[in-house]
Structures are given as C-alpha cells and as structure tokens.
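Engineer: Residue-level listing of the chains:
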Amino acid sequence: MTALDQRPDLAPAATDQRRRRARGLGGALWPLLATPGTLWLLAFFVLPFYAIAAVAFGYRDPIFGSTVPEWDPRYWSFDVFLDVLNRSLFGDLRAVFLRTLVFVVVALALCMLAGYPVAYYLARFAGRRRGLLLALILAPWWINYLTRMLAWLSLLQDDGYVNKVLMAFNIVRAPVSWLSGNPYTVVLALVYGYVPFFIVPLFATLDRIDERLLDASHDLGSGRVGTFLRVTLPLSAPGLATATVVTALPMFGDYYTNTLVSGSPTTSMIGNEIELYLLGGSRKDVGASLVLLLSALLMAMMAYYLISSLRSDRPAS
Amino acid sequence: MRRRGWVLAIVTWLYVGWSLLPVLVAIQFSFNDGRSRSSWQGFSTRWYWGTSGSVAEDPGLRLALTNTVELALFTTLIATPLGVALALGLVRWRGRTSRAANGLMLLPLATPEIVMGSALFLVFTNLYTLIPLGRTAQLLGHVTFSVSYVVVIVRARLASVGEEYETAARDLGASPVQALRTVLLPLLTPAIVAGALIVFASSMDDFVISAFLSSDASSVTVPIRLYSSVRNAPTPALNALATVLLLGSAIALVLAWLVLRRRRGSVGSGDALREMASIDM
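For the record, the sequence lines run as chains A and B.
Count the first sequence with my numbering and you get residues 1 to 317, in order.
Count the second sequence with my numbering and you get residues 1 to 281, in order.
All the pointers check out, no bait thrown in.
Okay, the calculated beta carbon distance ranges per label pair:
(1) Ala300(A) / Ala233(B): 41 to 49 angstroms
(2) Asp216(B) / Pro36(A): 27 to 35 angstroms
(3) Val177(B) / Ile209(A): 39 to 47 angstroms
(4) Val161(B) / Ser308(A): 29 to 37 angstroms
Facing chain A, from chain B, some residues (calculated, C-beta under 7 angstroms):
(5) Val16
(6) Ser19
(7) Val23
(8) Ala26
(9) Arg37
(10) Leu82
(11) Ala85
(12) Leu86
(13) Ser118
(14) Leu127
(15) Tyr227
Hints in this document: simulated from the structure, not taken from any laboratory.
Since we're looking at a predicted model, the values are computed, not measured.
Ideal Cβ placement from N, Cα and C applies to all residues, glycine included.
Full structure from sequences and hints, please.
Structural biologist: Right under this line is the structure:
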C-alpha cells in the first residue's frame with residue numbers, strides 16, 4: 001500500500017500533474033512504444049487482407065492462366081468473385097455452403113447439450129473439486145487439436161475400440177466404417193474438438209450469477225425447473241451467445257477435422273474448398289473469393305453478436 | 001438440490017472422461033512395443049529413441065521437432081517485446097489513433113485461422129516475394145497472431161497496477177524512461193513471463209498458419225507432420241511425437257499458471273486458470 005492509496009484526495013492532483021507532464025517527453029513515449037506493434041499489424045495483418053481482395057479481384061494471365069493480383073482498386077474486376085457468389089448461391093458450391101451451415105449448427109446444438117450441464121455443475125456444485133475439474137476441462141485447450149483428433153482416429157478404425165465395444169454389446173453386427181466420408185463422424189469430431197471452447201465462456205457467465213437471485217426465486221414459489229427456466233437460463237444467455245460465437249468462428253473455417261476423419265468430397269466444408277483452391281490448384285482467385293465470402297458471413301455474425309450484446313448491456317448500466 | 005447435483009456430477013465426469021481418455025490411450029500407444037497403434041504389445045520406449053523409426057532417430061521427425069521448437073522460441077523472442085510495448089502504449093496513450101490501434105490489435109483474436117492463413121499466404125506469394133514461403137514466413141505469421149495475446153495479458157496487469165506508482169516515480173524525479181524501466185517493468189514481470197510462455201505454447205500448437213506458410217519438407221512442424229502422416233501408415237512414433245509436443249506445451253502453460261498464480265497471492269488458483277482461459281483463444 002502506498003501513501004496515495006490511503007489518501008485518495010491526493011490521487012486526482014497527481015493525475016493532473018501527470019497529465020500536464022504528458023505534454024513533454026512522457027507524452028511522446030507512449031505513442032512511440034505503440035508504434036512498432038502497430039506497424040507490424042499493418043504490414044502483416046491489414047495488408048494481407050488487402051492481398052485477398054487484390055487476388056480475388058485480379059485478372060488471369062492470358063498466356064500462363066495463372067492469377068495475377070491487381071493492387072489498384074480502380075482496375076478491379078469482379079467477374080470471378082460474382083461467378084463464385086453465383087455458384088455459392090445457385091450452383092455447385094451451394095451444397096458445400098449448406099453442408100457447412102448444417103454441420104456447424106448441429107455441432108453447436110450438441111455442444112450446448114453437452115456443455116451446459118458441465119458448465120452449470122462446475123459453476124454451482126463442484127465445491128472442493130472445482131480447481132481440479134476446471135483444470136481437467138481446460139486440459140484440451142493445450143493438448144494439440146491434431147493430437148486429439150489423432151487419438152480418435154485410432155479408436156475409430158474398423159478394428160478399433162469403438163467398433164469392438166459396439167459389437168461386444170451387439171449394438172451393431174458388422175464394424176461401422178466411421179472414417180470414410182461419414183457425416184456423423186465429422187459432426188461428432190467437430191463437437192469433440194470445439195466443446196471445451198464452448199464450456200469456458202458459459203462457465204464464466206454462470207459463475208457470476210448472484211445466488212441470492214436463485215434463493216429469491218425459490219422463496220417466491222418457483223420450483224427447481226421454474227427457477228432454471230426463468231432465472232438461470234435467461235441470465236446465462238449472454239454467456240451462451242459468447243460461447244456460440246467463440247466456437248462457431250473456428251468451426252466455420254475448419255478444414256483439418258474434415259480431412260482427418262473423412263477425407264471425402266461428400267463431406268467437404270467451405271474450409272476444404274478454400275484449402276483446395278488456394279494451396280492445391282491454380283485458381284487462387286476462386287480461393288480468395290471464397291475467403292472473402294466466408295469473411296463476410298462471419299463478420300455479419302460478429303456484428304449481430306456485438307450489437308445484440310451491446311443492446312442487452314444497456315438496461316443494466 | 002442435492003440430487004440434481006449428483007446427476008450433473010455424473011454428466012460432468014463422463015464428459016471429462018470422454019474428452020481426455022482418447023488422448024491418454026494415444027499416449028499409452030506411444031509406448032507400444034509393436035508397430036500397431038491400436039493393439040497393445042507391451043511397454044517400450046523404442047518409438048522415442050533407440051530404433052531407426054523413433055522420434056530421436058528418424059530425420060523427418062527430428063527436423064519437425066527442431067523446426068517447431070525454433071519457431072516457438074523466435075516467435076516468443078519477437079512477439080513478447082512487441083506486445084509489451086504495444087500494451088504500454090495503448091493503455092497509457094489516449095487519443096483517436098490509440099483507439100484505432102487498439103481495435104486493430106483485437107482483430108487477430110477474432111479472425112478465424114483459415115482467413116488469416118489465406119491472407120498471409122497470398123501476401124507472401126504475391127507482394128512480399130522477397131520472403132519465400134518457409135520458415136521465415138512462418139515466423140512472421142506466428143508473431144502476428146501472438147502479439148495480441150501478449151497485449152491482452154500485459155494490459156490486464158497494467159490496469160490492475162494503476163498509474164500511481166509511475167506518478168510517484170515521476171514526482172520523485174524519475175524521467176519517463178526511468179519510471180518505465182525501474183518501476184513499471186518490474187511490476188509487469190509476471191504478466192510478461194506468463195505472456196511469453198503462452199505465446200511459446202500457442203506457437204508450438206499452431207497448425208493452420210504453419211501449414212499455409214510452409215514450403216516443402218524443410219519447414220515441416222510437428223502439427224503439420226501429425227496432419228500429413230495420419231493417412232499413410234503411421235507407427236507409434238507419431239504418437240510419441242504428439243506426446244512430446246503435449247509435454248512441451250504442458251510445461252510452458254503450467255509455468256505460466258504458476259507465475260500468474262504467485263502474483264495473486266492468497267486468491268484461489270481457479271482465478272489464474274480462468275484468466276488463462278480467457279486469453280488462450
């Protein structure tokens with residue numbers, strides 16, 4: 001504790017003094033410190049985004065057929081982008097977009113079903129075991145995603161543990177072929193991969209709910225179910241929204257899960273098409289257009305989330 | 001009340017088992033004494049060292065491991081000072097430009113990796129052609145997504161320190177640079193160390209950015225290796241490689257947690273974990 005802490009009347013005066021001094025050397029120090037990081041982000045974050053547009057709106061070399069970026073917006077050509085948009089809305093890419101949407105929505109619903117009880121237990125009932133449980137639930141965050149997928153790949157082989165257990169209990173007669181274009185495997189793998197990211201923000205919100213509100217609800221005659229539906233659930237809505245966004249963003253851009261557990265074009269998602277066009281083929285302009293479309297979709301989602309969370313904050317403050 | 005807690009407890013422990021058991025099985029098979037990754041033939045460390053296909057002997061696996069550690073090390077060395085300086089600048093410098101820079105700093109945290117990977121891939125292949133795809137490009141990409149982690153961690157600590165200490169130092173005659181060096185930086189040390197360790201771990205674990213910016217076999221990292229060898233007859237050496245990676249990031253993050261916890265003193269360990277959870281996106 002410093003003297004300033006005990007004498008709050010001094011603090012504002014000191015701040016004023018500092019502010020006066022800030023016009024001198026001190027004032028220049030802070031922008032100076034922020035400059036290298038900001039320049040780095042401009043060079044390696046902002047400009048690369050511009051490069052996506054430059055490639056998507058570029059032109060094709062008439063001789064080699066390769067994509068040439070166009071850096072000057074006055075000469076941008078939107079033919080390829082509009083063609084990709086058209087294919088995504090009405091053509092062959094429509095199935096990919098719809099499939100991505102269905103996979104992500106179903107995976108999110110399952111994340112909610114699995115994650116809510118866990119987050120709720122951790123926030124309200126875990127007691128002494130809370131630290132241990134939190135550590136165990138956070139563990140998948142630092143276990144490499146590919147390692148976790150790899151683990152399931154061995155279990156899901158035709159002669160793996162999963163099929164052995166299913167056959168031992170006579171649930172299936174012949175081994176299920178999990179790893180060759182099975183959409184259920186892809187969705188479950190997405191759930192397995194991302195549910196830890198869903199639980200943590202939800203837990204943080206549930207943990208902040210004032211227990212006195214729940215007691216009040218009980219005292220006013222609500223049962224357990226009523227209290228949950230009318231108090232806990234509405235109060236956890238912001239956490240659910242955050243959890244959904246935090247999980248949906250990487251899920252929409254995921255391609256490795258799909259490649260690992262399916263590898264079949266019948267389950268391919270937007271991410272797989274992007275990877276294919278950008279890293280695999282010579283149509284970088286198509287790949288870049290797909291990245292732009294995906295970004296637009298995700299930005300719309302983020303904007304909706306930010307606006308609705310700002311709106312729900314307002315009456316509280 | 002108690003009965004519901006009981007049912008939820010079962011659900012929670014089932015969840016924990018479901019999420020961690022497969023990984024434990026994978027680790028177990030890295031110690032298998034046979035070539036199989038699904039049937040147990042006794043304990044052995046032959047996939048770690050000693051035989052020709054082990055992590056220590058196989059040139060491909062060894063290269064992946066050194067690439068990963070080097071990349072993580074250099075990323076930490078560059079991203080930490082950049083991030084600390086940016087955090088200091090953003091918190092103490094007020095103005096419109098500062099707010100814009102703050103928004104810019106937060107964007108990488110909300111950008112899906114595939115979008116960032118594509119952007120970096122396209123800029124390196126079309127504009128920064130002096131830097132070919134490969135290890136240098138990977139390093140630049142890793143620093144880009146790491147800077148924001150450092151900023152967020154250091155900034156949280158800066159907010160809790162307040163301005164009183166530097167003001168006191170300034171009143172006692174220290175120059176701004178002296179106040180920064182002798183007062184502020186020592187106060188920030190735990191946050192800086194934790195930030196550096198988290199950057200190290202997340203760089204080691206990154207797959208998408210590394211994959212988009214890799215050129216050929218010379219820039220393969222452990223995650224890339226895991227991804228590409230899954231489909232072509234992997235041996236338990238792959239599990240051993242994954243286990244080594246897991247151990248590396250576990251050590252880095254446990255250290256980060258200890259550092260964050262120590263500065264909190266009496267406050268429970270759950271808070272340090274939660275703080276890390278909120279950062280480690």
